[in-house]
Structure formats: C-alpha cells, structure tokens
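Visitor: These are the residues of each chain, in order.
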Amino acid sequence: MAQLTYLEAIRDGLRAEMRRDPRVFVLGEDIGVYGGAFKITDGFLDEFGPWRVIDAPLAETANVGAGIGAAVMGMRPVVELQFADFVTDAFTQVVNMAAKYHWRTRAPLPLVLRMPYGGDIKGGPFHSQCMEAWFAHTPGLKVVAPAFAEDAKGLLVAAIRDPNPVMYFEHKHLYRFRREEVPDGDYVTPIGRARLVREGAAVSVISYGWMLHKCVEAAELTAAQGIETDVLDLRTLAPLDRDAILESVRKTGKALIVHEASRTGGIGGEIAALIAEEAFDSLDGPVVRLASEDAPVPHNTALEAAFQPTVAEIADAIRRLAAY
Amino acid sequence: MAKSTRTPAGGPAAGQHEIKAGRPSQNEEGAGRLAPERLLELLYYMRLQRAVEDRGVKLYYQGRIPGAYFTGWGHEAIAVGATASLGPDDLLAPMHRDLAAYIMRGITVGEVFAQFLDREGGPTRGRDGNIHMGDPRRGILPFISHMGASVPVAAGMALACRQRGESRVVLTFFGDGATSTGAWHEGVNFAAVFRLPVILVLENNQYAYSTPLDRQTAARSFVDKAAGYGIPGVAVDGNDVLAVYGAAKDAVDRARDGVGPTLIECRTMRVRGHSEADKSSYVPKALLDEWAGRDPIAMFEQRLRDDGVLSDREDDAMRARIAQEVEDGLAWAEASPEPDPSTVAQGVYAEE
Numbered sequence: 011m012a013q014l015t016y017l018e019a020i021r022d023g024l025r026a027e028m029r030r031d032p033r034v035f036v037l038g039e040d041i042g043v044y045g046g047a048f049k050i051t052d053g054f055l056d057e058f059g060p061w062r063v064i065d066a067p068l069a070e071t072a073n074v075g076a077g078i079g080a081a082v083m084g085m086r087p088v089v090e091l092q093f094a095d096f097v098t099d100a101f102t103q104v105v106n107m108a109a110k111y112h113w114r115t116r117a118p119l120p121l122v123l124r125m126p127y128g129g130d131i132k133g134g135p136f137h138s139q140c141m142e143a144w145f146a147h148t149p150g151l152k153v154v155a156p157a158f159a160e161d162a163k164g165l166l167v168a169a170i171r172d173p174n175p176v177m178y179f180e181h182k183h184l185y186r187f188r189r190e191e192v193p194d195g196d197y198v199t200p201i202g203r204a205r206l207v208r209e210g211a212a213v214s215v216i217s218y219g220w221m222l223h224k225c226v227e228a229a230e231l232t233a234a235q236g237i238e239t240d241v242l243d244l245r246t247l248a249p250l251d252r253d254a255i256l257e258s259v260r261k262t263g264k265a266l267i268v269h270e271a272s273r274t275g276g277i278g279g280e281i282a283a284l285i286a287e288e289a290f291d292s293l294d295g296p297v298v299r300l301a302s303e304d305a306p307v308p309h310n311t312a313l314e315a316a317f318q319p320t321v322a323e324i325a326d327a328i329r330r331l332a333a334y
Numbered sequence: 118m119a120k121s122t123r124t125p126a127g128g129p130a131a132g133q134h135e136i137k138a139g140r141p142s143q144n145e146e147g148a149g150r151l152a153p154e155r156l157l158e159l160l161y162y163m164r165l166q167r168a169v170e171d172r173g174v175k176l177y178y179q180g181r182i183p184g185a186y187f188t189g190w191g192h193e194a195i196a197v198g199a200t201a202s203l204g205p206d207d208l209l210a211p212m213h214r215d216l217a218a219y220i221m222r223g224i225t226v227g228e229v230f231a232q233f234l235d236r237e238g239g240p241t242r243g244r245d246g247n248i249h250m251g252d253p254r255r256g257i258l259p260f261i262s263h264m265g266a267s268v269p270v271a272a273g274m275a276l277a278c279r280q281r282g283e284s285r286v287v288l289t290f291f292g293d294g295a296t297s298t299g300a301w302h303e304g305v306n307f308a309a310v311f312r313l314p315v316i317l318v319l320e321n322n323q324y325a326y327s328t329p330l331d332r333q334t335a336a337r338s339f340v341d342k343a344a345g346y347g348i349p350g351v352a353v354d355g356n357d358v359l360a361v362y363g364a365a366k367d368a369v370d371r372a373r374d375g376v377g378p379t380l381i382e383c384r385t386m387r388v389r390g391h392s393e394a395d396k397s398s399y400v401p402k403a404l405l406d407e408w409a410g411r412d413p414i415a416m417f418e419q420r421l422r423d424d425g426v427l428s429d430r431e432d433d434a435m436r437a438r439i440a441q442e443v444e445d446g447l448a449w450a451e452a453s454p455e456p457d458p459s460t461v462a463q464g465v466y467a468e469e
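Chains A and B, in that order, give the protein sequences.
Sequential numbering from 11 applies to the first sequence in our numbering.
Sequential numbering from 118 applies to the second sequence in our numbering.
One or more hints might be untrue.
Unchecked claim - Sample of chain A residues with no beta-carbon within 10 Å of chain B, all distances over it, derived:
{"hint": "1", "residue": "M11"}
{"hint": "2", "residue": "R29"}
{"hint": "3", "residue": "D31"}
{"hint": "4", "residue": "D56"}
{"hint": "5", "residue": "W61"}
{"hint": "6", "residue": "A72"}
{"hint": "7", "residue": "D99"}
{"hint": "8", "residue": "T102"}
{"hint": "9", "residue": "R186"}
{"hint": "10", "residue": "E227"}
{"hint": "11", "residue": "G295"}
{"hint": "12", "residue": "E323"}
Claimed, not checked - To give a feel for the contact side, a few chain A residues facing chain B, derived at Cβ under 8 Å:
{"hint": "13", "residue": "P67"}
{"hint": "14", "residue": "A69"}
{"hint": "15", "residue": "G77"}
{"hint": "16", "residue": "P118"}
{"hint": "17", "residue": "V167"}
{"hint": "18", "residue": "N174"}
Everything labelled a hint here was simulated from the structure, so no lab data went into it.
In this text, a Cβ means the ideal position worked out from N, Cα and C, and glycines have one as well.
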C-alpha cells in the first residue's frame, strides 16, 4: 500500500496499464512535453515515446474522434479532455459516434475519456461544470466518478479494460485533497458497484465525487448527536448500482441524495425515481435531494459557496429526515 | 448555368464554383496501368451499384423500404475509382453515395438489401436503416448521419496503423456540405499534423440537400483548401473512373510512403434528389441537362468499347450476372427475418 493523492493514483493506474498493455496510449492537449495541465502524465513522454503519449491539436472533436478511430482498430486509447467542460466541442463524437457504435456493429469500442470536472477550484463557469448526467442519459456510455484515491486508480484501470466507451469523471478539487492508501500493482474497482463507506440505520446518504466527502463530514457531525447514517459512494453513475441503493434505503427508510451537479435533470432525480418505484413501501419520509443551484458555476468564492451544498446543509437535511 | 437561382442578391459571390462539363479522362496512364480484366471489373462494380440502387428505388416506391432512401446515382465513378486503389488490408470510411465501395470491400448484395429492408441480415440488423452501415471486421467504419464526423475517426484509424507500424491506409468519402463542418476541419487538420495515411475524397456534387456550393464556401475551389492544411490537393473529373482511380492511387502511394493525407476533389453532379423523397426542384434544369450526357457508367462503357476491351459478349454476360446477383441478393434479404422485438435493449454494451 502506498500513500497517494487522488492525482497520483490516477497517474499510477494509467502508467501501470500502459506498461502492461502496449495497446494503451494517451492523447490530449499539452499532455506530452508539458505533462498535462494537471501533470497527470508527467514523465510519460520519456517513458512511452511520442506515439503513445500524443500531444494533440486544440481540437476536441478531432481528439475524441481519433480516439474512437484507434479504438475501432483495437487500440485502447485514453483521451484526456483538459477540462471536462470542453467535451461539448466533441459532443457528436461521444454521443453519436461512440455511444451507438456497439449497438450498430456488435464490435467493441474500448475508449476512455478522462474528464477533469467539478468546482471549488476557482474555475468559474467554463472550468468547473459537472455534466455527468448528460452522459448517463446516453445509452451506450458508461460513467464513473471516483471519490477516493483507491477508486481513482481502480476505476481507471477498469475503464481501460472495459470494451465500451467509459466517461471517467475525475474531480479536480480532489486531485491534491489528501493522501490515502492505494493498493500497489494490479488493482481494479469493478464498474457498476457502489460502496458503503459508513454504516448507520437512520438515513441513507447517497452521493459521489467531492460531495461524498462533504456527506461523510456531515454524517460524522450527526453521529456525534446520535444519528448514524449509511453513506453510499455510488462510484459508477451508469450503470447505477440499483441493488446497493435499494438495499440501503430498505434498511433505513430515508434517503438523502447529494450531488454537485445542478439539481434539475441531475442523477439525483433518477435515483429518487428508482427509490419511489422500487422501495416505496419502505419509505418513512420524503426522498430529499441536495444539489447545486440551477445556475452556471460562479467564479467568486462566496458565490460558489452559496451555489454548492454545504456540510451544514447536508447535516441539517440528515437531521430533518431522521426526525420523520 | 442559371446562376441567378443559385445566388440570392447579397449572398456570396456568384459563379465561383462553375464546373464545366469535362472531357473524357486525360489520365491515359491511369488507364494504361490497368489490365483489361481490371477495367472490366471497374465497370462491373459501377453497374452493380446502379443496379442495386435502381432495384432499391423500385422497392422504395413500392413502400417496401422503411424511412429514407438515398442513391449515389452519378457518383459511381468516385466510389469505384477510389476504392479500386486500395490494397487488401486497407480501410474504408464511406458515406451514403458510395454503395459500390461497401460491396468492393466485402458487404454482400444480400446484406445491402437486408439493410434496406431493416432485416436481421443487414449489417446493422435493423438497428439502423438505409445505407447507414458498415462492418469493422471487414475494415468498414459505419458512418453516422452527421456529415464530416467520420473524418476524425478515419484519422484515428490511420493513427492506429502508424502506431503499430502497419502500412495500411484509410480511404474516406465526404460531400461538399461536410467541408463546412468543424469535424471535417478538425479531422483533416489532425490527419495533416501527424502525416497520417488518409485519402480524403470529396464528392463535390454541387448540392448539400438544397444548399448550393456558394453557401458552403467562399473559396474559389474546394481543392484550394488543401494548401491551408499543408497537404497536397488535386481536382479530378468525378465522372471519369480512371481519373479518380489515378488520383486515388497516387494518394495511396503517398500515404503508404508516410507523406500523409491527400485531398481529392471529385467534381460531379447529384442528378437525383438528396433522398428519394426530394424532387430537387431547386436545381436548375439547365444544370441537370448539362450533366445528363455525362453519365459516368455510359462514358466508361463507351470508352471500353472504343478501346476494344468490352465486347458484346462480355457486355451481355456482365449484365446477366449483375441482374442475377440483384435478384439473388434481394431473395436472400427477403428470407432474412425481421429483428426480434424482445432484443431491442440488448447489445447496447459490449460484454467483457
């Protein structure tokens, strides 16, 4: 076990896969000579050379499209979007070319798009967005969003080995958040499995990414007041781990869903609907969502603090639900 | 040419894209490089495309083809001439006017009709329709409806070939409308930057649905765009199969030598509607008349007769063979089952 940051864990997983499998290569803007805007691929060019660490033009359609073409040929491309926000320039390639490819051809498309996403980095409206729901809504794509360094490595390895296009949402605020234990060597977090990171009978708190850490902090606050909660880290957003969600809610009878993406049309609505359809008889209170405001992500620190769910708001919601 | 109907007042400069009806191929060495049996093979595939599409048109008007139906009528020389320049391991990223290219690279006539009829035997098994098909196992990328979107993917296929040290090339087709898209620009630029083995064949048929050339570009000619990407560009008569073949062969050779992509502008005319639902009333009759005498199949047939390559006997045998293949293919497709509705949500994801 090594003590790694989330960022180092991504690098560790990526480098391990590139050493293991010569089909794996990385392509993106500023990732070679410069080592990437966040230095994930620092040192890769020297180790793997210019045909496996490709400094690409400033062109998301071309870069994602080229990744698709290489995947068609049996390579295992990992395309870095410098910021997840820029994927809008590649939307056709992701949603139409990649997502529908297997359904039309029955051939695999082993493509990973690395999507540095999320706020609390003073990034403003074009460097902070959480657009995972767009892709979870698109049949044919898998969507993962690790919260911990261990899963940042394990899910990246799983995504690279998966025969489908996988949108790998890596949260920028978590890159250097803290050091955590990460298994050495070959390590896989299975796609499609949530993980219970804290157990309690009062409320099911369901989240992922940066908000998951706020949920854990809120759960610690309420635990000190005698309210013990389940905290479920979804880890994969498509396909959702329905069984894990329903098992927890059937136990607690209360569900709080927290995400950083805007409320309307977010993953939370889908989870709330799942609970209403499948666990209605177990509910002892309303299904509650906490999400960012239905607004673009603001740049100003105070505005962004007001925009996102806070630990205090999450703890309040837990207490209100527990009181039912 | 009735320019006034093509360029509204205040629109882009008129007449920049005037295309003269060309002469027969000047590319004599292109013809000279091919043995008589190869020349007859080119004619065969051009006729086969026309025959399959002609049968498709009849099926469409009988209401037997669901949805839209597209032909490459008049584009056969481009599809056949360019595809004939490929070697056995090369790759194809075609579009909707290139039926012969699919067939030359291994899709059977039966599969084509099954695709048209939305049957399980089509390459997309009823999941996608009309000519939206391909088969990666046979090196054919299935295109999507978004024109230009195949170009970056073709570049990526070529990238994989370069990464693995393979000498394969990728041939891709697109229309004049596609050149206006960002995807086309990004894909051509990407291929050029990395000197990738991509053959970029522009089927300039003068209309993107109802939109004429002067609403696609202010450039004097599409082939001029090649210079902007730092790649060679050549314009050929798209109705002359040997001219297309010659230009494509040169481009394939350059690509294999690692020189990079070539843009080939094949100038032709879309002599039918965008789809069969479109009567193309917006196309000036004079323009259609001008091209009516330049049918690529009739021109090549005459040339092969003049050169003593095509005899009456061979002609009859070829026509009979094609007619039989069309009927056999259609029968095969009709015997192919409809997709099972219970499978609709299956196969969205590949299994491990």
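Visitor: Give a verdict on every hint.
Guide: Status of each hint after checking the structure:
1. The non-interface label for M11 (chain A) is consistent with chain B: the shortest C-beta to C-beta separation is roughly 27 Å, beyond 10 Å.
2. Listed as a non-interface residue, R29 (chain A) keeps its Cβ farther than 10 Å from every Cβ of chain B; the least gap is roughly 16 Å.
3. With 10 Å as the threshold on Cβ separation, the claim that D31 (chain A) sits away from chain B holds: the shortest Cβ distance comes to roughly 13 Å.
4. Its beta-carbon lying about 18 Å from the closest one in chain B, D56 (chain A) satisfies the requirement of being farther than 10 Å from that chain.
5. For W61 (chain A), the non-interface assignment is contradicted: its Cβ lies about 5 Å from the closest Cβ of chain B, within the 10 Å cut-off.
6. Look at A72 (chain A): its CB is around 4 Å from the nearest CB on chain B, not clear of 10 Å, so calling it non-interface is violated.
7. Against chain B, the non-interface label of D99 (chain A) is violated: not every CB pair exceeds 10 Å, the least being about 8 Å.
8. Under the 10 Å C-beta cut-off, the non-interface status given to T102 (chain A) relative to chain B is violated; the minimum distance is some 5 Å.
9. Non-interface call for R186 (chain A) relative to chain B: holds, since the shortest CB-CB distance, roughly 32 Å, exceeds 10 Å.
10. Residue-level check passed: E227 (chain A) sits 35 Å from the nearest beta carbon of chain B, beyond 10 Å.
11. G295 (chain A), annotated as away from the interface, keeps every beta carbon of chain B farther than 10 Å; the closest lies near 33 Å.
12. With a minimum CB-CB distance of about 36 Å to chain B, E323 (chain A) clears the 10 Å threshold, and the non-interface call stands.
13. For the restraint placing P67 (chain A) at the interface with chain B, the shortest Cβ-Cβ distance is roughly 6 Å, inside the 8 Å limit, so the hint holds.
14. The beta carbon of A69 (chain A) is positioned within 8 Å of a beta carbon in chain B (closest approach about 4 Å), and the interface hint is therefore held.
15. Hint status for G77 (chain A): holds, given a least beta-carbon distance of 6 Å to chain B, under 8 Å.
16. For P118 (chain A), the shortest C-beta to C-beta distance to chain B is roughly 4 Å, which falls under 8 Å, so the interface hint holds.
17. Hint on V167 (chain A) is violated. Least Cβ distance to chain B is approximately 14 Å, over the 8 Å limit.
18. For N174 (chain A), the suggested interface contact is upheld, since its CB lies about 5 Å from the closest CB of chain B, less than 8 Å.
Hints 5, 6, 7, 8 and 17, counting from the list given before, are not met by this structure.
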